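2 protein chains.
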Amino acid sequence: MREFHPPRRILLGPGPSDADPRVLTALSAQLIGHLDPEFLKVMDDIQTSLRSVFQTQNRLTIPISGTGSAGMEAAFVNLIEPGDTVAVCVNGVFGERMADIVTRCGGVLLRIDAEWGQSFDPGAIRKALKVLKTVPAKILAVVHAETSTGVLTPLSMIREVLSDFPDTLLLVDCVTSLGGHAVGIDAHRVDFAYSGTQKCLSCPPGLSPITVSPRAVEALRKRKEKVRSWYLDLSMVEKYWGDDRTYHHTAPISMNYALREALRLIEEEGLEKRWDRHRRNHLAFVAGIEAMGLEMLVKSENRLWSLNTVRIPEGVSDAKVRASLLQEFGIEIGGGLGPLKGKIWRVGLMGYSSHRNNVLLFLNALEQILCREGFRLKSGGAVDSAEKAYGACC
Amino acid sequence: MREFHPPRRILLGPGPSDADPRVLTALSAQLIGHLDPEFLKVMDDIQTSLRSVFQTQNRLTIPISGTGSAGMEAAFVNLIEPGDTVAVCVNGVFGERMADIVTRCGGVLLRIDAEWGQSFDPGAIRKALKVLKTVPAKILAVVHAETSTGVLTPLSMIREVLSDFPDTLLLVDCVTSLGGHAVGIDAHRVDFAYSGTQKCLSCPPGLSPITVSPRAVEALRKRKEKVRSWYLDLSMVEKYWGDDRTYHHTAPISMNYALREALRLIEEEGLEKRWDRHRRNHLAFVAGIEAMGLEMLVKSENRLWSLNTVRIPEGVSDAKVRASLLQEFGIEIGGGLGPLKGKIWRVGLMGYSSHRNNVLLFLNALEQILCREGFRLKSGGAVDSAEKAYGACC
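One line per chain: the protein sequences are A and B, in this order. Under the numbering used here, the letters of the first sequence match residues 3 to 396, in that order. Under the numbering used here, the letters of the second sequence match residues 3 to 396, in that order.
The set of hints was computed from the structure by calculation and includes no laboratory data. It is possible that part of the hints are untrue.
Note that identical chains are pooled: a pair holds if it fits in a single copy or bridges any two copies.
Unchecked claim - Here are the simulated SDA-like cross-link-like pairs (lysine to any residue), alpha carbons at most 20 Å apart as the crow flies:
#1 LYS228 with GLY85
#2 LYS135 with MET45
#3 LYS241 with LEU339
#4 LYS135 with GLY125
#5 LYS380 with GLU83
#6 LYS135 with MET159
#7 LYS345 with ARG358
#8 LYS343 with TYR242
#9 LYS228 with GLU83
#10 LYS343 with GLU117
#11 LYS275 with GLY317
#12 LYS43 with PRO8
#13 LYS345 with ARG313
#14 LYS345 with PHE6
#15 LYS226 with PRO39
#16 LYS135 with VAL110
#17 LYS345 with TYR249
#18 LYS380 with ARG191
#19 LYS43 with ALA325
#20 LYS343 with ASP246
Here the structure is a predicted model, which means the values were calculated and not measured.
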């Protein structure tokens, strides 16, 4: 084997996003032990800073030692006991994944479907939950930012629906929103949320930040049987991250160094400024896309700023365009999944990757490729339109 | 938060071991996507090289996206269906953990205990397995290298016992042996083995290499119900690592860069030379320890080379000695766990940390501290005795 040198890339896919060079430097620091007093301080810093990004006071706010999907599994495997009813809102791949995990955990699944590319009608959720006459659903699970479609589901709407179901816990997937959109865990009284490091936090993949409300912690304590997963059992994991510092499993040291640095960068930028950066780059992106005569999949009020889905125009080869972007420009974007395969492109503008230069480079590259492929563009002014959205004057 | 600068350490605990600087450099390389053609090549390299370290031809040989305990859980959660009988050999913390996981997976546990600090009597294992009259145990699980005690259990002995139980799958924990001892997966017909990256592979913690025999893969295919864990379900994970390249979860990119470089270092050193280095440093360590008048916990034929357990002499404070080692010398070692708490020190000589200089530095430091604490040493010649074991002439 030769030494590996990764090719030059701009990561505008559904994640990972580009990591800030400072995060990569932090990754490469010398190892110390997972029970070293200095590492315990790193863990404290991470917990404090994660609370701020999640906008919560929840004591139990930690990174799970796995990627975002491990965080999803941690949520369900800890909260569900066999026979519990769990309502899952499904409007994309990650809602489907939740539904799959519920049944693996022995839960009784109540599916609430919406079309891929759309959000949910509050009336439909309320109606579905009302089907349960005697015992309400233990959990309502929803994906805040559906990475497979680019749809944002407003948590204020979900909380409003749940005012009729006060005993139901609210479980939220924030994988593609945390750090790019406000998540307002406490404001929306979310009981369990999980995310991933490789999206708007711009840290390499490998950890899944979670936060658990006191009410959900209480539900965990009341469990009658052991959590089916040893690795993700929060009753033990929290003892390592809490005051006890009891060894559970060896924490991924380097990844925690990286997460700490990524959180430090967010602290420096400021959360609200960061959300606004994501919003502005998204709006400029849309302006450029529409100037070309292309269409966004999602209607404007439900669009994620972090993950933009563009309809592939008729007659244009998905694979060819993505290969050209990668090979000629070093730009990675994602294709569609499931029913949207071949129908959309997924363009992530997350964390470090959410930058004016990337928006302009991408729009230019796409315009060049589509033009060469013979697609008749509405205008050649994608970059100009984006620049106008940024407020540029010439 | 300030920038984090880890303190200077020599990691001689039960893991993580020190990472080779080349591995840390690999960690900090720029990210590429988990479906990037260049990353798929990294995955191929890792699989090929892991097969060589595991000494196997098993096609399904991959790193799981979690630490060693995630590998342990992957083994059981994939192989067990509710009601299956699983025999677990328990002689330390990691055998206990296996037993715990078996019941969480719905397995029926058959415990085979041995004293902590000792290996197993083959007759006792045979006798225990014979208790099952009609259906043999589906799995016999054993810890090759028990990190909590420093005991090596010979896999040749286990395979010999299993000659009477041809239908029982052999599951082996190689967390603290892989890369430091021969594991001989194919030679001993091991059906499922898992390890961790942060021990003798000297890569940061965060991945768990596993290998699965064709016979065990067949058992996975015959499952009647879905694997209880979505994250660790090998029927899906293997499609990402195999020819399909189907997206499952986002692989921890940077950790895979690091693992590839750690495996490249092993390739360069040569497996047998590497085992021999671990053996020589272990023997010199023991020579030094015994010269001081201290005792090893484990009898010589069952001692791990990678993890050395030393009895704490009467009247000596465990905590004080470990604190002095850390604060004055920057040396981390581990304390005892469970019934061995306060009774032993665990000194890891793994991977990059298994080095003559570390053996000599540690022996000198321990001698200084014990002398200051008033412990009457047999001789002051720990370093000299170790040097003699290395064949030094003066």
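Right, here's what the structure says about each hint:
no. : hint               : verdict
1   : LYS228 with GLY85  : both (14 Å within a copy, 17 Å between copies)
2   : LYS135 with MET45  : neither (44 Å within a copy, 50 Å between copies)
3   : LYS241 with LEU339 : between (39 Å within a copy, 16 Å between copies)
4   : LYS135 with GLY125 : within (17 Å within a copy, 59 Å between copies)
5   : LYS380 with GLU83  : neither (55 Å within a copy, 58 Å between copies)
6   : LYS135 with MET159 : neither (23 Å within a copy, 60 Å between copies)
7   : LYS345 with ARG358 : neither (26 Å within a copy, 60 Å between copies)
8   : LYS343 with TYR242 : between (42 Å within a copy, 18 Å between copies)
9   : LYS228 with GLU83  : both (9 Å within a copy, 17 Å between copies)
10  : LYS343 with GLU117 : within (15 Å within a copy, 57 Å between copies)
11  : LYS275 with GLY317 : neither (40 Å within a copy, 59 Å between copies)
12  : LYS43 with PRO8    : between (33 Å within a copy, 11 Å between copies)
13  : LYS345 with ARG313 : within (6 Å within a copy, 66 Å between copies)
14  : LYS345 with PHE6   : neither (34 Å within a copy, 45 Å between copies)
15  : LYS226 with PRO39  : neither (35 Å within a copy, 47 Å between copies)
16  : LYS135 with VAL110 : within (15 Å within a copy, 37 Å between copies)
17  : LYS345 with TYR249 : between (48 Å within a copy, 18 Å between copies)
18  : LYS380 with ARG191 : neither (45 Å within a copy, 65 Å between copies)
19  : LYS43 with ALA325  : between (45 Å within a copy, 17 Å between copies)
20  : LYS343 with ASP246 : between (48 Å within a copy, 16 Å between copies)
When the structure is compared with the earlier hints, violations turn up for hints 2, 5, 6, 7, 11, 14, 15 and 18 and for no others.
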